[in-house]
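J.: Protein sequences appear in the order of chains A and B.
Read in numbering that gives the first Met the number 0, the first sequence has 3 at position 4, and its numbers run on one by one without any break.
Read in numbering that gives the first Met the number 0, the second sequence has 403 at position 404, and its numbers run on one by one without any break.
There's no promise every hint is true.
Using C-beta positions, here's what the derived DEER-type ranges look like [to be verified]:
(1) B/Q4 - A/V66: 24 to 30 Å
(2) A/R84 - B/R65: 47 to 53 Å
(3) B/R153 - A/L76: 16 to 22 Å
(4) B/R104 - A/V86: 39 to 45 Å
The set of hints was computed from the structure by calculation and includes no laboratory data.
The C-beta atom is built at its ideal place from N, Cα and C for all residues, glycine as well.
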Amino acid sequence: MTQPVQYLALAGLLFAVGAIGALVRRSSVVILMSIELMLNAVNLTFVTFARMQGSLDGQVLAFFVIVVAAAEAVVGLAIIVAIFRRVRSALADDVRTLKW
Amino acid sequence: MPITQTPEVAWRAIAPALALAGGGVIALLVIAARPKIHRAALAALSLAAIGAASWSTFDLCALRYRVVMQGSVAVDGVSLFANLILLVTAAMTVLLSYHYLERRRIHRAEYYPLLLFATCGMVLLAAANDLILVFLAIEVLSLALYVLAGMARRDAGSQEAALKYLLLGAFSTAIFLYGIALSFGATGTTNLGRTAVKVASGGVDARLTSAAMALLAIGFGFKVSVVPFHMWTPDVYQGAPTSVTGFMAAGTKAAGFAALLRVFLVSFGALQWSWRPVLWGLAAATMVVGSILAIAQSDVKRMLAYSSIAHAGFVLVGVVAGGREGLSASLFYLLAYAVMVLGAFGAVIVSAPDGRERLSFGEWAGLGQRHPVFAGAMTLFLLSLAGIPPTAGFMGKFFVFSAAVQAGETPLVVVGVLASVVAAFFYLRLIVLMWLTEPAGEAQELGASPAPALALALAAAATLAFGVYPQAIMDLARAASVFTG
Chain A
0 MTQPVQYLAL AGLLFAVGAI GALVRRSSVV ILMSIELMLN AVNLTFVTFA
50 RMQGSLDGQV LAFFVIVVAA AEAVVGLAII VAIFRRVRSA LADDVRTLKW
Chain B
0 MPITQTPEVA WRAIAPALAL AGGGVIALLV IAARPKIHRA ALAALSLAAI
50 GAASWSTFDL CALRYRVVMQ GSVAVDGVSL FANLILLVTA AMTVLLSYHY
100 LERRRIHRAE YYPLLLFATC GMVLLAAAND LILVFLAIEV LSLALYVLAG
150 MARRDAGSQE AALKYLLLGA FSTAIFLYGI ALSFGATGTT NLGRTAVKVA
200 SGGVDARLTS AAMALLAIGF GFKVSVVPFH MWTPDVYQGA PTSVTGFMAA
250 GTKAAGFAAL LRVFLVSFGA LQWSWRPVLW GLAAATMVVG SILAIAQSDV
300 KRMLAYSSIA HAGFVLVGVV AGGREGLSAS LFYLLAYAVM VLGAFGAVIV
350 SAPDGRERLS FGEWAGLGQR HPVFAGAMTL FLLSLAGIPP TAGFMGKFFV
400 FSAAVQAGET PLVVVGVLAS VVAAFFYLRL IVLMWLTEPA GEAQELGASP
450 APALALALAA AATLAFGVYP QAIMDLARAA SVFTG
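Excised from the complex, chain A in its bound form (with noise of 0.2 Å):
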């Protein structure tokens, strides 16, 4: 039988595979992939305490979250096509007109 406990390192070594995704990967688009994870990780981690602590706050948590996480994937792939159209790439380090 599964522990809730067990759910609850799969969240977290998810989020993790999602932290190290958005800082190693160089593809704006596998970045903003990698945010996704993170965010689905969380949401893992808030059904889980929900389930744990017999409360539905948890679960109506990661409904908002979902929501949010379409809101900003528009809002993300938006500005990469807008930059694409430019520069004709989606890799973050061809944008540095700006110092770093």
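Guided by the hints, dock chain B onto chain A, whose structure is given.
T.: Same frame as chain A, but now just chain B:
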């Protein structure tokens, strides 16, 4: 029997946010119906929405402080004072924006509704008494700001600012959200008041709450640009259209710090011993790093960005001082910072007639001889940012530092004073350049139209008034430094 009970909605308490969001929606509908509408009409509509929000904020001041909407929205001194700062910021931004956007050929009517939505998010963030609402408000303001930062679509710098702000902003939001999840796991609630009760009763997992506080602090640190989470600030402030930069610097900081104060002083107030040393270190690092890195800059907007980082550190000193003194000093500082930074970025906007601004230091040489009034205003803002009397910035630093000394944080104040001395150097460099250097090249007109000139005059008057006669505002801030948990 069917459940027909519906939650009670306190319309009056959320009227400021509703006015802003409603104004934004109306503006969007107008744009959809009449794409050719004159953008000045939209600017006027935005000012009307901000006016309505201010009116409903004053209306709220007469009421008793309380939490509404199932405890998720707080109507108290801090949220009302933050509303004051945010609405002043938004109104000044609209005044500064219109001519600037036309000159730079940023003909996007959506600018105004986005500005209203961002302000709405900030107002909600300052009043949020539930971590769910804190998260949603941060997203509302951030999503609008990502787009606003990239508003100059043909400009490579603006696009880059939008991309960097988006990627780092979304990353920090994910971290912040994980903090909410852990806090929920430890206490079983997202409400700040109930979290405080749980934490004070001591029946919570200490490791979970510590991790939650750390992650929440990182999330807030990104939003208000605290070292070491400041990396995005210079690039975004430099690349974004200058009117947006001023709005971000003044507004995001005020709303973010209001929420940070509420989360840490209300929910985790019982655990002060654990987070105060961390914030102490962040405050010291932020003041020192922000001030030192600003010296190396040769771009005015970038210099102001590093100065904005340093100022986040000074506000943090007030947070570390804690108590009513520290809280009221932080609130005063946020208001003073809002008017002086809007003035400084406004001066950058007005500094040149065409779409180009005077960005490099060299272009400011000799402005004092050619445009003494304008250079005088910019000098006032720079002196205030440096914290030299008799200006708002000096009184802000004075209140923050004296609160910290009273709280026994003298070493932090020493660090702060040293950082201020370092910081004075680069502000004075620009002042010396304006007044004591011979102008080079052709005399160039300023881009002063009535609206931005009015905004600059208001900012200058406020900067001077808060410095000469701070007592009125300080009394207001002291009266406002109350949370309803």
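J.: Evaluate each hint against the coordinates.
T.: Evaluation of the provided hints:
A hinted range of 24 to 30 Å for the beta carbons of B/Q4 and A/V66 is consistent with their spacing of about 25 Å. For A/R84 paired with B/R65, a C-beta distance near 51 Å keeps the hint of 47 to 53 Å intact. For B/R153 and A/L76, the Cβ-Cβ distance of about 19 Å falls inside the hinted range of 16 to 22 Å, so the restraint holds. With their beta carbons about 21 Å apart, B/R104 and A/V86 fall outside the hinted range of 39 to 45 Å.
Checked against the numbered hints above, the structure breaks only hint 4 and satisfies the rest.
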